[in-house]
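The task is simple: from the sequences and hints, build the whole structure.
Residue numbers (the working numbering), protein chains in the order written: chain A, 1 to 255; chain B, 1 to 303.
Calculated cross-link-like contacts (lysine-lysine; reagent style BS3-like; alpha-carbon spacing at most 30 Å):
#1 B:Lys197 - A:Lys176
#2 A:Lys21 - B:Lys197
#3 A:Lys188 - B:Lys197
#4 B:Lys197 - A:Lys190
#5 A:Lys176 - B:Lys302
Partial chain A-side listing against chain B, Cβ under 7 Å, derived:
#6 Pro78
#7 Pro80
#8 Tyr84
#9 Glu88
#10 Ala90
#11 Pro93
#12 Trp94
#13 Phe103
#14 Gly104
#15 Ala107
#16 Gln108
#17 Tyr135
#18 Lys137
To list a few chain B residues with every Cβ distance to chain A over 12 Å, as calculated:
#19 Trp16
#20 Ala20
#21 Val23
#22 Pro41
#23 Asp46
#24 Val68
#25 Gln69
#26 Leu151
#27 Asp190
#28 Ile276
#29 Tyr284
#30 Ala293
By construction, these hints were calculated from the structure, which means they are not laboratory data. Predicted, not measured: the structure shown is a model, and the values here were computed from it. Think of the CB as a built atom: it goes at the ideal place given N, C-alpha and C, for glycine as much as any other residue.
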Amino acid sequence: MPDPRRRRLEIRDVTHVYEGKTATRALDGVSLDVFENEFLAIVGPVGSGKTTLVRIVAGFLTPSSGVVLWDGAPVAGPSPERGYVFQEEAIFPWMTVRDNLQFGLLAQGVPASEREKIVAELVTLIGLEGYERAYPKELSGGMSKMVEVARVLATDPAILLLDEPFGLLDAQTRSKMQDQLSRLWEEKRKTVILVTHDIEEAIYLADRVVVFTPRPGRVQAEVVVDLPRPRSLETRFSPAFLELKRSIWKEIGRA
Amino acid sequence: MRPAEAARPPKARRVWLGLASVVALVAAYTLLSNAYRVVDPSLLPDPIRGVLRPQILPPTQRIFDAFVQLVGAGASPVGGAYVHTGDHIGGLVEQRVTLQGSLLISTYRVLIGIAVGGSLGVLAGLLMGWSRAVDEYAHPIYILFRSIPPLALITYVMLWLGHGTAHVLLPIIYAVFTVVVIPTYHGVRDVADIYVKAARALGAGGRLLLSRVVLPAAGPFVLSGLRYALIIAWMTTVGVEMLMADEGIGYLLIGGGMWSSRLEVAGDPAVIVVGIVALALVGYAMDAGVRVAGDRLTEWVKR
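Right, dumping it as structure tokens:
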């Protein structure tokens, strides 16, 4: 399904070794393409190098070998063009919701009136009206994660990299946040890479799921998710969803 | 919204209990310091006999008298009824050294120390925490310097600057500087990492990164460093004033002049207690000020 679309990201034979007392091979010859407006999910066990791969795509890490091309040009360092949402809490606790949301815009010299407009739109989109002047400590964990996602979206990046964004949340909040993210994506239609160890989350959100092997990470399988959108609670219990879940678990069992 | 606040005892109760503890302390001291009128101290066992004397524990009413005299010292005519230049309080009254005047000049010195030493210290901590190269270069020198007690600098500073205003201020500035560097350094180096990464990924760099991310992230650490620096500044100020100043609360405590030249004046315990209590109160007030201002600045911190 993604094939006729424009290829934005090319990952070519990327290997990464963390040097140290005992060198750890995190990634071993990973090749992947990501297409325009595609929602790609990467699943795999802890330590399978998923996070390492998105960090390389973000430009925080340089691969030991192999290349990452963004629109045909090699990635060198982080850029607001590739928005990154951390696994850890990275919302600025000393800034209000509003100041967090407009920080990237400020960095890019967007004029104040324009910033106000974008912030107002994002606040509505994530349902935080009335919380513009609140500090993150007044928000729930799920909401402050949503602010982080929106903060990255504010600068309109070409690709959104989500590194286990809901990993620290409880199951109920997580499913609520997945619904919000799904709606957000339908509104914005961005290219997204989501890293997660939650297989249901991956199927529920993505167009395509890539399964990684345990360390060192390699692409073990790719599963196209052709569930209709918009997706809802019903989607999670549809036979097609369960069938996809079964096939991914099978791939993992084979690893 | 904040459950921690609800769990705390109500403010009125805290204030009353606090006041009650101070009143109890004063009452207990008054009883103890007047005990020599009832019991002959020479009959008591040794360490108590030595301490329970008005020369060591002046009765509360003597302290109050000394307080009134010291506050009014500026107004009383030279050579007035109470002046005995040979004793502690007489010498001070003769020189028109008042309690409030001494406190004012010491407070001014402390504030200069905090302002100059604090900003230099924050700057140094920021640079060392921010740049590996600066850290590797400057850290050993810093540790070496930090090990010098501020008062040990006095004579050397005097060789440089002579007997002026700066020689009193320099050790204080230096003391504050060395205290503030480390918390700032750790605040910048250890805490800001994830925030710096996030800010960089959002396209921020340079001044914006430093002023809106690194400094606020280190803010609570800098503030607790400054609170501690305030204590150190007072300690150093009083020390310097005792040794080499001709005004200030440290000067008042030893009855004027330099320590060495005042050995013939017996310290008046009442004056000393007045000075110490005044120092404690001013220190408390300044700390409360920093705390309130700090809480306002770091309203965002999860408590």
